[in-house]
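Mind docking chain V on chain E? Use the hints.
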Amino acid sequence: MSSDVILVIVVGTALAFDFTNGFHDTANVVATSISTGAARPSVAIGFASLLNFAGAFISISVAATVAKDVVDAEVITPTIVFAGLIGAIAWNLITWYFGLPSSSSHALIGGVVGSAVAAAGFDVILAEGLVGKVLIPAVVAPIVAMAVAALAIGLSYRVVGKQRPGIVTRGYRYGQILSGGLLALAHGTNDAQKTMGVITLALIANGTLGPEANPPTWVIVASATAIALGTYSGGWRIIKTTGTRIIKMDAAQGFSAQGAGAVVILASTHFGFPLSTTHVINGGVMGSGAAKRLSAVRWGVAGNIVVAWLLTLPAAALIGALTYGFTRIFGTGALGPVLVTLMALSLIAAAFARRAQRGAPVTAAGG
Amino acid sequence: MIATLVQTKELWETVVASVVAGLGVTFAFSVGIWGAGQFIELNRNERPLAAAGAAAVGILALAFVAAAVIIGIIVMTHK
Numbered sequence: 001m002s003s004d005v006i007l008v009i010v011v012g013t014a015l016a017f018d019f020t021n022g023f024h025d026t027a028n029v030v031a032t033s034i035s036t037g038a039a040r041p042s043v044a045i046g047f048a049s050l051l052n053f054a055g056a057f058i059s060i061s062v063a064a065t066v067a068k069d070v071v072d073a074e075v076i077t078p079t080i081v082f083a084g085l086i087g088a089i090a091w092n093l094i095t096w097y098f099g100l101p102s103s104s105s106h107a108l109i110g111g112v113v114g115s116a117v118a119a120a121g122f123d124v125i126l127a128e129g130l131v132g133k134v135l136i137p138a139v140v141a142p143i144v145a146m147a148v149a150a151l152a153i154g155l156s157y158r159v160v161g162k163q164r165p166g167i168v169t170r171g172y173r174y175g176q177i178l179s180g181g182l183l184a185l186a187h188g189t190n191d192a193q194k195t196m197g198v199i200t201l202a203l204i205a206n207g208t209l210g211p212e213a214n215p216p217t218w219v220i221v222a223s224a225t226a227i228a229l230g231t232y233s234g235g236w237r238i239i240k241t242t243g244t245r246i247i248k249m250d251a252a253q254g255f256s257a258q259g260a261g262a263v264v265i266l267a268s269t270h271f272g273f274p275l276s277t278t279h280v281i282n283g284g285v286m287g288s289g290a291a292k293r294l295s296a297v298r299w300g301v302a303g304n305i306v307v308a309w310l311l312t313l314p315a316a317a318l319i320g321a322l323t324y325g326f327t328r329i330f331g332t333g334a335l336g337p338v339l340v341t342l343m344a345l346s347l348i349a350a351a352f353a354r355r356a357q358r359g360a361p362v363t364a365a366g367g
Numbered sequence: 001m002i003a004t005l006v007q008t009k010e011l012w013e014t015v016v017a018s019v020v021a022g023l024g025v026t027f028a029f030s031v032g033i034w035g036a037g038q039f040i041e042l043n044r045n046e047r048p049l050a051a052a053g054a055a056a057v058g059i060l061a062l063a064f065v066a067a068a069v070i071i072g073i074i075v076m077t078h079k
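Taken in sequence, the protein lines are chains E and V. With my numbering applied, the first sequence covers 1 to 367. With my numbering applied, the second sequence covers 1 to 79.
Chain E with its partners taken away, still in its complex shape (with noise of 0.2 Å):
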């Protein structure tokens, strides 16, 4: 009985971790798109909350990879699973508050990474997972991402040079509603799995499915409605503040940058890697800028996103283990998680409180 309640508060907290991913996520996935003037706002925001539902189930690897092969799952329980996205949620609310640019997903696994093992110690780390699969890919992608940004922005402007300006820009608005669809798809395949792998491994330390059982149809269900959900909410955010902090470039350039951001995504999702989606999006953005002019890519920007890959995964590994070790005072049952949960909620509304009364951030968190 204990332990389906503390599921239930599971399964809860990471839809609303999953929501808040969509949430923060809309800005990277759309601002392109907007920018460019190849879709309007609502538009842009409707289209991209549908094709990051359908992308959520077009693959279950990296979602395989969260559950299976970042810790050992035959020792994690649903407390352990509740304290990492306790972690994670805690650090994303703590860099949302300073407006610290970080990513959800390294928050997710370091969060998880650290709740186990200051359960179980660090044996029950799979390095293996975490180096190969998550911390060596969260460096590798939005580095290949920039490349091939920059090179396709150099490819571009070769082939339609001496084309009239008209005809080329909106060709490449129209290409942007390809380009903007398959990045929303690829955000939507890559990070809603990162929800599923987390339910999925609580369900099995639950006993509830087996050691190797991929995530049910009803996980996928539901991390997909939750992330469209929170990309769609998003999005209101986005029109009020479109034209403001978007970085102008033309349609080729946003043409580029999404093609670059969703085929890295795509092709990482297909081998099971979990990235930060917006690490990605953020390497298309810099290379197809800094491709045209140096000095176009805000690098104070991409410094502060170094700084925030570096923090996150240490940060939130820190407070998933305090709070697994806090609800460990109060034994193995229910209660610790009920209580963290309870303090969690008053602490996010105190939060939201302030931040309103200081006025929004000035950069948001992401996937």
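Heads up, a few of these hints could be off.
Covered by chain E, according to a simulated footprint, are these stretches of chain V (three or more residues, beta-carbon under 8 Å) [what the hints assert, rightly or not]:
hint, region
1, 42 to 53
2, 62 to 74
Computed, partial: chain V to chain E, Cβ under 7 Å [claimed, not checked]:
hint, residue
3, VAL6
4, GLU10
5, VAL15
6, SER18
7, VAL19
8, ALA21
9, GLY22
10, ALA36
11, GLY37
12, ALA56
13, THR77
14, HIS78
Calculated from the structure, these hints are not laboratory results. Here the structure is a predicted model, which is why all the values come from computation and not from measurement. Even for Gly, the Cβ is constructed at its ideal location relative to N, Cα and C.
Just chain V now, kept in the frame of chain E:
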């Protein structure tokens, strides 16, 4: 130790697939735009045969883009 942990084959395939697909689709789409631009320009200059050739190249290039996207999604869903 790190060398044994890195999934070199999968990582390399990811990089190659990203570069080939990213550059291939961008190049083909750009050729599609080039074809459309040339078609308009050559028609304006009353060169219908050359205009039809440019349009055919453009349409083929856009068909390649559509095929690449469809094949990519089929590969993703069949693992």
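Against the structure, the hints:
Counting residues of the region 42 to 53 of chain V whose CB falls under 8 Å from any CB of chain E gives 0; the rule of at least 3 is not met. Judged by the Cβ-Cβ criterion of 8 Å, the region 62 to 74 of chain V is covered by chain E as claimed, because 4 of its residues qualify and three suffice. Nearest Cβ of chain E to the Cβ of VAL6 (chain V): about 5 Å, under the 7 Å cut. The hint holds. With a cut of 7 Å, the hint placing GLU10 (chain V) at the interface with chain E holds, because the nearest CB-to-CB distance is about 4 Å.
Proximity of VAL15 (chain V) to chain E holds as hinted, the smallest CB-CB distance being about 5 Å (cut-off 7 Å). With a cut of 7 Å, the hint placing SER18 (chain V) at the interface with chain E holds, because the nearest CB-to-CB distance is about 5 Å. Interface restraint check for VAL19 (chain V): the shortest CB-CB distance to chain E comes to about 6 Å, inside 7 Å, so the restraint holds. Among the interface hints, the one on ALA21 (chain V) holds; its C-beta lies about 4 Å from the nearest C-beta in chain E, closer than the 7 Å criterion.
For the restraint placing GLY22 (chain V) at the interface with chain E, the shortest Cβ-Cβ distance is roughly 4 Å, inside the 7 Å limit, so the hint holds. A distance limit of 7 Å between C-beta atoms decides the matter here; for ALA36 (chain V) the minimum to chain E is near 6 Å, and the interface restraint holds. The interface hint given for GLY37 (chain V) is met, as the beta carbon of that residue sits about 4 Å from the closest beta carbon of chain E, less than 7 Å. The beta carbon of ALA56 (chain V) comes no nearer than 17 Å to any beta carbon in chain E, farther than 7 Å, and the hint placing it at the interface is violated.
Because the beta carbon of THR77 (chain V) sits about 5 Å from the nearest beta carbon in chain E, less than 7 Å, this interface hint is met. Residue-level restraint check for HIS78 (chain V) is violated (minimum Cβ-Cβ distance to chain E is 10 Å; threshold 7 Å).
Of the numbered hints given earlier, the model fails hints 1, 12 and 14; all others are met.
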